[in-house]
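Each residue of the sequence shown is one higher than the last, beginning at 1 in the working numbering.
There could be a bad hint or two in this list.
[Claimed, not checked] Straight-line Cα separation of at most 27 Å, DSS-like style, residue types lysine-lysine; simulated pairs:
1) LYS296 <-> LYS258
2) LYS256 <-> LYS9
3) LYS299 <-> LYS587
4) LYS296 <-> LYS717
5) LYS256 <-> LYS296
6) LYS587 <-> LYS258
7) LYS299 <-> LYS258
8) LYS717 <-> LYS162
9) LYS717 <-> LYS258
10) LYS299 <-> LYS256
[Unchecked claim] Okay, the calculated beta carbon distance ranges per label pair:
11) THR733 <-> GLU368: 49 to 59 Å
12) ALA327 <-> SER457: 36 to 46 Å
13) LEU600 <-> ARG460: 24 to 34 Å
14) ARG221 <-> ASN601: 32 to 42 Å
15) ALA202 <-> SER168: 34 to 44 Å
16) ARG460 <-> GLY38: 36 to 46 Å
17) THR528 <-> ALA577: 23 to 33 Å
18) ASP277 <-> GLY38: 45 to 55 Å
19) GLY223 <-> ALA101: 51 to 61 Å
FYI, nobody ran anything at the bench for these hints, they're computed from the structure. Fair warning: this is a prediction, and the values are worked out from it, not measured in the lab. Where is the CB? At the ideal position from N, CA and C, for every residue including glycine.
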Amino acid sequence: MNSCKPTLKIVSVQLRVRGVVQGVGFRPFIYRLARRYGLSGWVLNDAEGVLIEVRGAADTVTDFIAAIRREAPPASRVEDVAELLRRDGGELGGFEIRESAGAATITTLISPDLVVCPDCLAELFDPQDFRSRYPYINCTNCGPRYSIILALPYDRPLTTMKDYPLCSRCEAEYHDPENRRFHAQPVACPACGPSLRYLGAAGQELAAGEAVINLAALQLRNGAILAIKGLGGYHLACDATDAVAVEAMRVRKFRKEKPFALMARDLAALAGIVMLDAAAEALLTSAARPIALLAKGQKSLPLALAPDNAELGIMLPYTPLHQLLFAAGAPPLLVMTSANRSSEPIAYRDEEALTRLAGIADGFVVGERPIARRVDDSVVTIMDGAPAMIRRARGYAPSPVLRDARFARPILALGAGLKNAIALATGGYLFVSQHLGDLDNLDAFEAFQETVLDLTSMYRVDLSETLVVHDLHPGYPSSRYAEQLPGPRLAVQHHLAHIASVLAEHGAWELPVIGFSFDGTGLGSDDTVWGGEIICGSLASGLERVGHLRRALLPGGDAAARNPEQAAVGFLHELEADLWRPLLSEKPVRVALSLIRSGLNTPTTSSMGRLFDTVAALCGFRRPMTFEGQAAIWLESLARQAAPSEPYPFPFDGATWDYRALLTPLLADLRAGSQVAAVAYRFHAALATGVVEAAVRLREQGYGSTVALSGGVWHNKLLHRLALDGLRQRGFTVWWNQQVPVGDGGIAVGQAALAAREVQDVSRHSV
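Given these sequences and hints, build the entire structure.
Encoded structure:
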């Protein structure tokens, strides 16, 4: 009897992997995985991600595909593993990594910059390792990515490391598929890579190589202010416990009161400095290593670090250089703030830093590795136990926040005038840039223009065929810039974009919502200044304004937005003067009343931000603000000191909230000598109650049971918590921005989402 041995069915399968799969060790991972499963074929990077062909037994190929998702490298993000081609048979043999392939259109995802990994840290402090104490140590699991990429696909000749040829030892690791530096594009060592220099205040070289670290640590201990080159730009650093150094930083940087970011050596160094819980520790130690906003602890620190603020911005070391500085004896808590003068973007080129920071820095720690683009530190807070973005940059940008077929057509959303970030829709993804700053600043506007060209060229988007979306305000620099671009344009109202950004984040295109869009300013469709708006509808059917804060006057326009007392008069002038005038300074009151009587430069506003300024002024904040939102932050900090108490009345009549009903008893309490902290708390509680009351009435009118919160006012944790508790108690589902900022840094996402529903080309249109 003849016996037949079963034969294995051999198949050839071509796979496309999309996601964050370049620059994170993905090709080496596929190489090792294929060898483990005994498969033949190849892998390469191309413009859409990673392309794989494997040949082998059909069952083995199936297991291999499942393992791609299950075992993907920690720094990667696999969004899709698609089978492009399957055929029977195929030649068996080895498996290889092939050269990258280019294409006309690029949709691959760029990895953000990555925190130094434990393996590299171990080598960094291993005296026997040939990269011991080398500040640019990295591998496929960590190190620079977005900040060094010049073009795609991600290969060394297309990064700022292109001018550093590998030495024999680095090259051996680069070509060793069993090594974690296999095809690690920024790989380097002291023999072949960039090095450090320490320059004095006048730019003279004082140290080089390893001596830089020891000198910098010594200088920081002695109270110096140093400019230190990081991943995406320079920081200004000093000892955070040295009150003299901190005050000198404020004076030299022209930063009067805005809080400084801090870097702690480790979690242990934060004992007593901030309140730490599991959510805070997880955020601080996450791969993105953002600045986390955390409640102050009991330990005494210089008041100038974060005056009139209940929180500190804290981050942990994320580069080998940071780790080396702390190991060399740098103070365990450093100010680590963006290297710039007030309102300017971060300095990131060496010559720029030496020029712009002259007179600020006592010394410069200059790294030779060039930075391709400026990338600030990200800032994240914790809302309802989960991270929520305040400034999206290093560690997150330029990863897309959305993947949706509605973003197949190119859309360029130019964002807002303040806290600008742009968004680019292409190939079904919505990419969001790093934080770019306030566009009224010339350097920030130049950075904005550079980023538009950077993202569109990197993803090979033709601007002449791209729908350009901008704010309704024609005077914003971004709106004026839109007019210079060749493609069709769409103007989107600011507060509609805020609510649209929440819906887009949650993938809710059809669901109707009740949106509360609260911020300082934004041009409304009626040519008044909005800021306390109720926006209802859906992305599919359109959004509309259905309610708002009762209109007040804004004497002096933008000047009132910087002077709370001047803004307060616009809300108070209808009330009896004896009730409020003694609580404010005479000069701003006189100026404001004169403007109101003349009608000059006195627009009407429904701004919730200006109502916060009004109450802050009445409670004691009687000086011009030195940064946006300062008075509101001061008021929240005050309110958090008080015990819970009954809210002031804040009635909603179905269309408007009447702030006069709130201010009248508030003024009576202040005149009666009530504690200002209690008054501040009752004000916050009143707004939260007013939001709940409005939501209930609008639900009864058929607007649904989902509430969306957006706009800079919702950074206020006390207001957010009070509103959230009240809404949930009444059965509402509540959403807010988490992946992008609730403030103006998320506007571009909403602009793009509203633009995505437009089906026809437009030369100029408003929604």
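Consistency of the hints with the structure:
1. LYS296 <-> LYS258: holds (16 Å)
2. LYS256 <-> LYS9: Given pair LYS256, LYS9 is violated - Cα atoms ~73 Å apart, limit 27 Å.
3. LYS299 <-> LYS587: Not satisfied, since the Cα-Cα distance of roughly 39 Å exceeds 27 Å.
4. LYS296 <-> LYS717: holds (14 Å)
5. LYS256 <-> LYS296: holds (20 Å)
6. LYS587 <-> LYS258: Holds: LYS587 and LYS258 sit about 25 Å apart, inside 27 Å.
7. LYS299 <-> LYS258: Roughly 20 Å separates the two Cα atoms, so the pair holds.
8. LYS717 <-> LYS162: Violated - the C-alpha atoms of LYS162 and LYS717 are around 46 Å apart, more than 27 Å.
9. LYS717 <-> LYS258: holds (18 Å)
10. LYS299 <-> LYS256: It holds: about 23 Å lies between the C-alpha atoms, which stays within 27 Å.
11. THR733 <-> GLU368: 49 to 59 Å: holds (52 Å)
12. ALA327 <-> SER457: 36 to 46 Å: Taking Cβ atoms as reference, ALA327 and SER457 lie about 40 Å apart, which means the hint holds.
13. LEU600 <-> ARG460: 24 to 34 Å: At 50 Å between Cβs, range violated.
14. ARG221 <-> ASN601: 32 to 42 Å: violated (52 Å)
15. ALA202 <-> SER168: 34 to 44 Å: holds (39 Å)
16. ARG460 <-> GLY38: 36 to 46 Å: With Cβ atoms ~38 Å apart, the hint holds.
17. THR528 <-> ALA577: 23 to 33 Å: holds (25 Å)
18. ASP277 <-> GLY38: 45 to 55 Å: holds (48 Å)
19. GLY223 <-> ALA101: 51 to 61 Å: holds (54 Å)
Comparing the model with each earlier hint shows violations of hints 2, 3, 8, 13 and 14; every other hint is respected.
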